[in-house]
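Trainee: Okay, here's what each chain looks like letter by letter:
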Amino acid sequence: MVDSTHYKKSVEKALNNEKLSEALHLFGDAYLIARENAFRGLDFEELRTELAAIKDEVRLRRKELLDQFVTNAEAAGSKVFLAKDTKEANDYVIKLAKQKQAKSIAKSKSMVSEEAHLNKALSREGIRASETDLGEWIVQLAGQRPSHMVMPAIHMFKEEVAELFSKETGRKLSPEIRTLVDVAREELRKEYFEADIGLTGANFLVADTGGIGLVTNEGNARLCATLPKVHVVFAGIHKLVRNMEDAVKITRLLPRNATGQLLTSYITWIRGTIPCDGEKKEQHIVLIDGGREALYQSKACGDALRCIQCGACANVCPVYQTVGGHVFGSIYISAIGIILAAFYEGLDKAKEIARACIGCRSCSAVCPSKIDLEEIILHLRNQITEKYGMGVVKNIAFKSVMKNRGLFHNMVRAASKLQGPLTSRQEGESSSRVIRHLPMHFMSKDFTEWRDLPSIARTSFRDQFDTLEQKVENPVYRVGFFVGCGADFVYPEVGVSLVKVLNHLGVEVVFPKGQNCCGIPALYAGDWETGKYLAQQAVAAFSEVDVDYVLSICPTCTMGVKRDFVERLADDPQWSEKALRLSDKTMDASAFLENVLKASSQLNLSDEQTAITYHDACHLKRGNNVWREPRTLLAAAGYRVEEMKNSDRCCGMGGTYSFLSHPQISRQITRDKVAAIGKTGAKTVAMDCPGCMIMLKGSMGKADPAVRCVHTVELLQEALKRT
Amino acid sequence: MVENSHLQRFMEAARRVGTEVAECDDLQQAAEYIAAKTSGRTLIPETALVRKYALRKMMREAGSEVYAGKFRDAGRVPAAGITFCNFAMADTGTVVLDSTNEDVRLATTLPEYHFVLVDPEKILADNLAAVEPLYALHDGGEPRFIAYITGPSRTADIERVLTIGCHGPRELHILVVGSLSSDLMEM
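Chains as they are written, first to last, in our numbering: chain A, 1 to 723; chain B, 1 to 187.
Accuracy of the hints is not assured; some may be wrong.
Unchecked claim - Keeping only pairs whose Cα atoms sit at most 20 angstroms apart, straight-line, the calculated SDA-like set for lysine to any residue is:
#, chain 1, residue 1, chain 2, residue 2
1, B, 70, A, 189
2, A, 229, B, 143
3, A, 158, B, 164
4, A, 79, B, 141
5, A, 280, B, 72
6, B, 70, A, 22
7, A, 190, B, 79
8, A, 87, A, 124
9, A, 249, A, 43
10, A, 13, A, 145
11, A, 249, B, 131
12, A, 158, B, 163
13, A, 190, B, 103
14, A, 79, B, 142
15, A, 229, B, 72
16, A, 19, B, 161
17, A, 249, B, 133
18, A, 249, B, 136
19, A, 679, A, 22
20, A, 621, A, 643
21, A, 280, B, 46
22, A, 158, B, 161
Worth flagging that the hints you see were computed from the coordinates, not collected in a lab.
Working from the sequences, and respecting the hints, build out all of it.
Mentor: Laid out in structure tokens, this is it:
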């Protein structure tokens, strides 16, 4: 059972480790450049679609392929053992070691051996396992576990390594990387010669040859598989591939996506009992289920077994970069680590880290196997909430209030009046309507110390809509507007701007009053039931109006309508068809303006070039594939976009994440965004998401109040006004 | 010098990953190049092409200390290993060696330097083009150890700083020599 106090302490400790976070940021930046270079001239989307298909075929035919692998491996002299869990796998190795009277085992990297805690199990029997991968050795000497799948010791600094190596060798070593690598080379070389057994993992189990494939850089796996008389392969059953061609195709993606290499230094194909010191080497292949069959059978989560363990989902994850893999991970790290923990170690192991995901979808975008990690994590949250609950605040907020549209909207109206004493005195433009301090001191660290909170608008968009005069004769389109809570209650002026811009371009706007929250906040909290109910409300409201398109200015709502409504209502014949129809005609407002209306050619407004910068909202870019459109529109309207560093990195908002579950992690992520904006020198930052606006208006308000945070449609409307 | 459409790409890709590449007029020139680069125990496993060109004798005459004993007894870190290769891949600068013979494995994993003699006729476009010969090397269902080698051994496990020469050879040298063999199954 994971103790949540322990978890909170570990988050806090990690947040105080600035040096680690800085190192992970530097790594993340360098990784992006190396990866881009490695994929130059290749179509990543095409490659990953192909890889997903390869892995899906394996999932479908796993039993047959496993049989084929075993038959071929045995024909080449290998002994194959199928272990239903890691305990059985460990016991097999222990029994073998005892049989051989083995004193030591030279190990190269095997993540499943971490999962099995094999070293500990061996040590209890008096058998010494020596990790020979440099990073694994460092971690072993430190008595820790890997904090990254590809770079296990990424959390450590050379000074710490020098200290560990000095202790191990009894020599005083300087913290110089070359020296330290040479020490490892020298020290570990004797392990291969003296070990009775060499143990490796496997990147591939090739069914049609009965051989394994190893993808490595250091050369230790080749030594482990060559010098000792016995070779043990320790691998999960999901490493199966149909044939060599599939394995080779995976090697085109794995190193490129893991480290930005075109190929690793070594790829080694080993089959059977190869010659060893004048005899035949003994080879034992231990194939481990350990929860994989259950994961294969899971309709919602099974795609996770497409994973080729490149570690990229950690490399791009803002949460990982902030707290590291010892906090945001278990045996496996980051997004994939959450899912595997749930299936291999139990749901309670995944409970805390599933909530630590901010939902930015960077992992889903970078995954070479096209696993929608973020979506799977959402499903797990739902299971976690069903089993453990979601906390009192969210329970009342979602189940009692939000499901009741009338109550919810009345409460918002009341709150707008009640917040009076807290809001800043300057009235007028929304950027000055903020809450600067909260009276309860204990909350300020999480809330107002580093950002202003948005206040609720005096008149919501829904209460303003009827007063908006739309003079559109012979409209080219009629569109429905799905406003979303952020624009409805906090930034109604964004909705008003959209109506004006659309009217200018000959489009009439319809606003069905029956619409409510899109339900994503409830869904992200794992409250599937409320999410489904809210989806029905929205589908009903928009089914009653006759419109050509439905637009939203919130990409999370757009994603909710397009993807989640369909899924939430799929099993309900009364709703599924309607949800699909709504999904088909829903799109983001900027995408509609540019892709349907070709607004950039109509807007050509000004030669004046006002410098701004642009922040890509996570769900706009990675949820809706929209990022070119707002830039094109802004350029046409007379704004010059000065790109910021990592413009598509999360702003730290993540909905309730920044308020309820992990405000302190948010704070760090936001700090990066604020710095990136500041560096451009631009005094305006545009974005297409009210959630990002809440976060960035709030934090820029504290960091540099001169910088204005606006929605793209507001800037378009202002440009129109000028002409 | 035999020309091959993939040769330039192969050499560029190999150099990019830290391999030293030299073009030689003939095997004799390559032998002298290697002998000048190393001193100390040199492992030359007996393979078909080594026998065909009497490489061990040639290296001895060029001044190398060719190790005559059992390779496992050559010490934990011999000075050099010299091999031919089955084939190579242009896009990544990779050489492929059938290393089922244990001496090939010892000569390519233990030494400080590894020298590979590559005939341009053996260079294939990329790893997809290499799938067929890779299967051919697996013919017959017998035990096999096939090695793809791309540059020297490397690590970035300490502070993500790329460091060459971790557990395998610190240097990989590719010597391009024409008219050795165009048979991808021969090494």
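Trainee: Does each hint fit the structure? Answer for all of them.
Mentor: Right, here's what the structure says about each hint:
1. Pair hint residue 70 of chain B plus residue 189 of chain A holds up; C-alpha atoms about 18 angstroms apart against a cutoff of 20 angstroms.
2. Restraint check for residue 229 of chain A and residue 143 of chain B: satisfied, since their Cα atoms lie roughly 15 angstroms apart, inside the 20 angstroms limit.
3. About 16 angstroms separates the Cα atoms of residue 158 of chain A and residue 164 of chain B, which keeps this hinted pair within 20 angstroms; it holds.
4. With a CA separation close to 15 angstroms, the supplied pair residue 79 of chain A and residue 141 of chain B stays within the 20 angstroms bound.
5. Restraint check for residue 280 of chain A and residue 72 of chain B: satisfied, since their Cα atoms lie roughly 15 angstroms apart, inside the 20 angstroms limit.
6. Between residue 70 of chain B and residue 22 of chain A, the direct Cα distance comes to roughly 50 angstroms. Violation of the 20 angstroms bound is thereby established for this hinted pair.
7. Taking the CA atoms of residue 190 of chain A and residue 79 of chain B, the gap is near 17 angstroms; set against the 20 angstroms cutoff, the hint holds.
8. A distance of roughly 13 angstroms separates the Cα atoms of residue 87 of chain A and residue 124 of chain A; the hinted pair therefore holds under the 20 angstroms criterion.
9. Distance check on the hinted pair: residue 249 of chain A and residue 43 of chain A sit about 13 angstroms apart at the alpha-carbon level, within 20 angstroms; holds.
10. For the proposed pair residue 13 of chain A and residue 145 of chain A, the alpha carbon gap of about 17 angstroms is at most 20 angstroms, so the pair holds.
11. Distance hint between residue 249 of chain A and residue 131 of chain B is fulfilled; the C-alpha atoms sit about 10 angstroms from each other, no more than 20 angstroms.
12. Between residue 158 of chain A and residue 163 of chain B the CA atoms are separated by roughly 13 angstroms; this keeps the pair inside 20 angstroms, and the hint holds.
13. The straight-line distance between the Cα atoms of residue 190 of chain A and residue 103 of chain B is roughly 19 angstroms, inside the 20 angstroms bound, and the hint therefore holds.
14. Distance restraint check for residue 79 of chain A and residue 142 of chain B: the Cα-Cα separation of roughly 14 angstroms lies within the 20 angstroms cut-off, and the hinted pair is therefore satisfied.
15. Note on residue 229 of chain A and residue 72 of chain B: the hinted pairing holds, with a Cα-Cα distance of about 12 angstroms set against a maximum of 20 angstroms.
16. Taking the CA atoms of residue 19 of chain A and residue 161 of chain B, the gap is about 16 angstroms. The hint holds against a cut of 20 angstroms.
17. Using a Cα cut-off of 20 angstroms, the hinted pair residue 249 of chain A and residue 133 of chain B holds, with the two alpha carbons roughly 15 angstroms apart.
18. In summary, the hint linking residue 249 of chain A to residue 136 of chain B is supported, as the alpha carbons are separated by about 18 angstroms, within the 20 angstroms threshold.
19. Between the alpha carbons of residue 679 of chain A and residue 22 of chain A the distance comes to roughly 17 angstroms, so the proposed pair stays at or under 20 angstroms and holds.
20. Our distance criterion of 20 angstroms between C-alpha atoms is met by residue 621 of chain A and residue 643 of chain A, whose separation comes to about 15 angstroms.
21. Our distance criterion of 20 angstroms between C-alpha atoms is met by residue 280 of chain A and residue 46 of chain B, whose separation comes to about 19 angstroms.
22. For the proposed pair residue 158 of chain A and residue 161 of chain B, the alpha carbon gap of about 10 angstroms is at most 20 angstroms, so the pair holds.
Checked against the numbered hints above, the structure breaks only hint 6 and satisfies the rest.
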